[in-house]
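Trainee: Model the full structure from these sequences, guided by the hints.
Number of protein chains: 2
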Amino acid sequence: MNQVSPLVTAEVIAVGSELLGSTRVDTNSLFLADRLASLGIELRGKSVVGDDRQRLADVFRAALSRADLVVLTGGLGPTDDDLTREVVAETLGLALREDPAIVAEIEDRFAARGLRMPQVNRRQGMVPRGASVLANPRGTAPGLSIDYEGRVVVLLPGPPREMQPMFDALCAGALAARVGDSRIHKETLFVAGRGESHVEEIAQPIYSRWAAEIPPIETTILAVPGQVELHLTLRAGASDEAAIRVRAAQAELVGALGEDVFSTDGRSMEEVVGGLLRERGLTIAAAESCTGGLLMSRLTDVAGSSDYVLGGAVAYSNALKTTLAGVPPPLIEAHGAVSEPVAIALADGVRERTGASLAIGITGIAGPGGGTPEKPVGTVVIALSGSEVPPRVRTCSFFGGRPQVKFQATQAALDMVRRALIFAR
Amino acid sequence: MNQVSPLVTAEVIAVGSELLGSTRVDTNSLFLADRLASLGIELRGKSVVGDDRQRLADVFRAALSRADLVVLTGGLGPTDDDLTREVVAETLGLALREDPAIVAEIEDRFAARGLRMPQVNRRQGMVPRGASVLANPRGTAPGLSIDYEGRVVVLLPGPPREMQPMFDALCAGALAARVGDSRIHKETLFVAGRGESHVEEIAQPIYSRWAAEIPPIETTILAVPGQVELHLTLRAGASDEAAIRVRAAQAELVGALGEDVFSTDGRSMEEVVGGLLRERGLTIAAAESCTGGLLMSRLTDVAGSSDYVLGGAVAYSNALKTTLAGVPPPLIEAHGAVSEPVAIALADGVRERTGASLAIGITGIAGPGGGTPEKPVGTVVIALSGSEVPPRVRTCSFFGGRPQVKFQATQAALDMVRRALIFAR
Chain A
615 MNQVSPLVTA EVIAVGSELL GSTRVDTNSL FLADRLASLG IELRGKSVVG DDRQRLADVF
675 RAALSRADLV VLTGGLGPTD DDLTREVVAE TLGLALREDP AIVAEIEDRF AARGLRMPQV
735 NRRQGMVPRG ASVLANPRGT APGLSIDYEG RVVVLLPGPP REMQPMFDAL CAGALAARVG
795 DSRIHKETLF VAGRGESHVE EIAQPIYSRW AAEIPPIETT ILAVPGQVEL HLTLRAGASD
855 EAAIRVRAAQ AELVGALGED VFSTDGRSME EVVGGLLRER GLTIAAAESC TGGLLMSRLT
915 DVAGSSDYVL GGAVAYSNAL KTTLAGVPPP LIEAHGAVSE PVAIALADGV RERTGASLAI
975 GITGIAGPGG GTPEKPVGTV VIALSGSEVP PRVRTCSFFG GRPQVKFQAT QAALDMVRRA
1035 LIFAR
Chain B
615 MNQVSPLVTA EVIAVGSELL GSTRVDTNSL FLADRLASLG IELRGKSVVG DDRQRLADVF
675 RAALSRADLV VLTGGLGPTD DDLTREVVAE TLGLALREDP AIVAEIEDRF AARGLRMPQV
735 NRRQGMVPRG ASVLANPRGT APGLSIDYEG RVVVLLPGPP REMQPMFDAL CAGALAARVG
795 DSRIHKETLF VAGRGESHVE EIAQPIYSRW AAEIPPIETT ILAVPGQVEL HLTLRAGASD
855 EAAIRVRAAQ AELVGALGED VFSTDGRSME EVVGGLLRER GLTIAAAESC TGGLLMSRLT
915 DVAGSSDYVL GGAVAYSNAL KTTLAGVPPP LIEAHGAVSE PVAIALADGV RERTGASLAI
975 GITGIAGPGG GTPEKPVGTV VIALSGSEVP PRVRTCSFFG GRPQVKFQAT QAALDMVRRA
1035 LIFAR
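So the protein sequences, as listed, match chains A and B.
In this text, residue positions in the first sequence follow this note's numbering: the first is 615, and each later residue adds one.
In this text, residue positions in the second sequence follow this note's numbering: the first is 615, and each later residue adds one.
You may find that some hints are simply not true.
Which copy is meant is left open, because identical chains are indistinguishable; a pair holds if it fits in one copy or across any two.
To be verified - EDC-like mimics (lysine to aspartate or glutamate), calculated; alpha carbons at most 20 angstroms apart, straight line:
no.	residue 1	residue 2
1	K989	E832
2	K800	E632
3	K800	E843
4	K800	E954
5	K800	E866
6	K989	E947
7	K800	D665
8	K800	D666
9	K800	E832
10	K800	D854
11	K989	E884
12	K800	E656
13	K800	D648
14	K989	D874
15	K800	E763
16	K989	D694
17	K800	E827
18	K800	E893
19	K800	D695
No lab work stands behind these hints, which were simulated from the structure alone.
Mentor: Below, the structure written as structure tokens:
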């Protein structure tokens, strides 16, 4: 039996030539960093390697010499490119043998869809001697966990939805048993409707005090499209006191930032708004022009959203603003399609036709064409109509390319619903 | 003078502890990969290292042993955390000396804002013996380029807006003079409607021949939601012949994979479908249930899509299927909302109401709830109605979570439009 020493440091290796091009980044390591932190394991380095046997062996060997835990993602597929399993087994000097149970499971997966398993998939049933197999209910490639001279090597598939539950199961099981007493306590706050520097101006005088305490609470500010995030981190023993200290710090920031804080538990804006609608027994509809359906798509990304999302209209052309949402053509002629009266008419019209308790109307110029000096690209008008809330309308101006403008417009619309439901009583 | 051999391979090292957390990825390497490829230099590996002297030295030494060019980003700031300059100089055995011209420039930058330069900023004026200084018009940290035993080491600041123009200047100047005649010729094929293993079965016998040629064409297969991608790469002289060889190889795969190939120029499915609609002067509308507007949102992600996207209905509730798309309630009662007759009625109804040349109807079960033994989660029915194309309807079965089911359904719907426009004449 191996000597059991706690796992303190980790390295992550993402495998795949596609991750070395100019279009794709490895995002799996963000999830892994989060989960490792919650076990108190510190991620010390990340690497990306192409589908290249020699280089993968080299990078893997170096990581293993430095870290207690090495997690590799990708390269477990059925094709000739997929080298992770073989390179790890070879580097550790472990023979590979086919596990008939895995092959049978993969055959069943194909059979369930009326397909024959291609022969190449047999590769995915190869297991290094002594490795534990990690079940993959969401794909054909099982993961592998290998104890090697007191260290641990974990092989995970590349697709996030297969990788994530597999690693969560491993964290709860075998890895939890191997970590020390230290934990990383984290809390977050998400803020909407305020820029990064304004959040920093309010937050910095507060969190700078915590950085001097022992052990310190570290605070990072991160601006992503449509929201500013504050992340608080405290490394300490797995005590209630430490968890309470970080939550108290979070509460102090919430007090200072007020109603701009929309989430303190990591939930997205669409989840927060969905939760409020469900709580209050309300339904929602939308008439979207420049956002082209993105607002309703985001609302319906939330499981169970059919309880409160009725639907609505995508009125991209002016004619459909009339046909689907009842906007009078003279209103469009008088004010232009991108105007407050038209946004209000879209919201009122779709609410009337759908019978929703609340409705959003959005009209704007997503770009790159269509801007004018008075209404430049990025101009978006958002209106809210509802029996339970006072009507609102707002003309916004967003920066960025077409997808950024669309996203920020939907974020501002959802935030308008949130504020109306919470603060307009 | 060093012996001049062409630079063929590169590695990138991003330095900074903030890149090892759960929120930030290194995106500088995407820009660098693009610029390197256009010089014919192949990016073979990427690493992220925290602000840790020993580990940075270790990773840098390993990269230098493998690659002709090592580019480091970040860690050039004025604080104690910023170790890149010192670690590189020490590893290469080059003494650091202060360059008074750089210090004077930094002092001027501060003075222009009415400020005195903090003493810590002197660090940014330290230059390893023999290094070339790369001007930074957008910040205080200059970059550095070092010739070392026939290889090149480049140090760049972390902020993209400082790093990018600096690297572009270097590519146009010193690096251009150091690359060989070799270029990287790339072509891609995107395939829809077929799984990775089935694409591999058809493609592998073809591309395996090219791997044996000199110089070889390398082929990578990549499965992402809704599509399988084949990437062909040939490293050869900057000749027309090489470019023609890769395009001929691409054409051979297109011949074998037939109408499942939807893109040979990197365009997304929504761009391809948009292009076909525009070419033929047609318009499109949709009535979406389970996809919640995602189909129309994807179509309108393309600049200029207002020329052919009219809009449509998001008919999430059954009542709206009737109100917005004219689906007769008895049809829903008889067949259920997720059925071929209802999908057809959605497509026909929204086409009639919008006057579009083509319309899509989508109804399905995105999950996680709502599945039954006969219609499990992932069942989606897609119908196409059009004056110019024969009507189509298809019941699909998708794997994955809610967002994956939604995305794959929109991909299949767009692919149905594409096939109808290309092959149904």
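Trainee: Confirm or reject each hint.
Mentor: Each hint, compared with the structure:
For the identical chains of this complex, K989 and E832 are neighbours neither inside a copy (42 angstroms) nor across copies (49 angstroms), given an alpha-carbon limit of 20 angstroms. Taking the closest pair of Cα atoms, K800 and E632 come within 20 angstroms of each other only across two copies (13 angstroms); inside a single copy the shortest separation is 33 angstroms, beyond that limit. Only within a single protomer do K800 and E843 lie at most 20 angstroms apart by alpha-carbon distance; the minimum there is 13 angstroms, versus 38 angstroms between protomers. Within a single copy, K800 and E954 get their C-alpha atoms no closer than 42 angstroms, and across copies no closer than 48 angstroms, so neither meets the 20 angstroms cut-off.
Taking identical chains as interchangeable, the C-alpha atoms of K800 and E866 lie at most 20 angstroms apart only when both belong to the same chain, with a minimum of 15 angstroms there against 53 angstroms between chains. Proximity of K989 and E947 under a CA criterion of 20 angstroms is satisfied intra-copy only: 16 angstroms inside one chain copy versus 47 angstroms between copies. For a Cα distance limit of 20 angstroms, the shortest separation of K800 from D665 across copies, 17 angstroms, qualifies, whereas the shortest one inside one copy, 35 angstroms, does not. Taking the shortest Cα distances, K800 and D666 sit within 20 angstroms of each other only across copies (18 angstroms), while inside one copy they are farther apart (37 angstroms).
Only within a single protomer do K800 and E832 lie at most 20 angstroms apart by alpha-carbon distance; the minimum there is 10 angstroms, versus 45 angstroms between protomers. In this assembly of identical chains, K800 and D854 lie within 20 angstroms of each other by CA distance solely inside one copy; the values are 13 angstroms within and 56 angstroms between copies. Taking the shortest alpha-carbon separations for K989 and E884, neither the intra-copy value of 28 angstroms nor the inter-copy value of 27 angstroms comes in at or below 20 angstroms. Proximity of K800 to E656 under the C-alpha cut-off of 20 angstroms is restricted to the intra-copy arrangement: shortest distance 12 angstroms within a copy versus 38 angstroms between copies.
Proximity of K800 to D648 under the C-alpha cut-off of 20 angstroms is restricted to the intra-copy arrangement: shortest distance 9 angstroms within a copy versus 36 angstroms between copies. Taking identical chains as interchangeable, the C-alpha atoms of K989 and D874 are never at most 20 angstroms apart, the minima being 27 angstroms within one chain and 42 angstroms between chains. When the C-alpha separation of K800 and E763 is checked against a cutoff of 20 angstroms, the pair qualifies neither within a copy, at 31 angstroms, nor between copies, at 43 angstroms. Taking identical chains as interchangeable, the C-alpha atoms of K989 and D694 are never at most 20 angstroms apart, the minima being 54 angstroms within one chain and 36 angstroms between chains.
Taking the shortest Cα distances, K800 and E827 sit within 20 angstroms of each other inside one copy (16 angstroms), while across copies they are farther apart (54 angstroms). Taking identical chains as interchangeable, the C-alpha atoms of K800 and E893 are never at most 20 angstroms apart, the minima being 27 angstroms within one chain and 53 angstroms between chains. Taking the shortest Cα distances, K800 and D695 sit within 20 angstroms of each other only across copies (18 angstroms), while inside one copy they are farther apart (38 angstroms).
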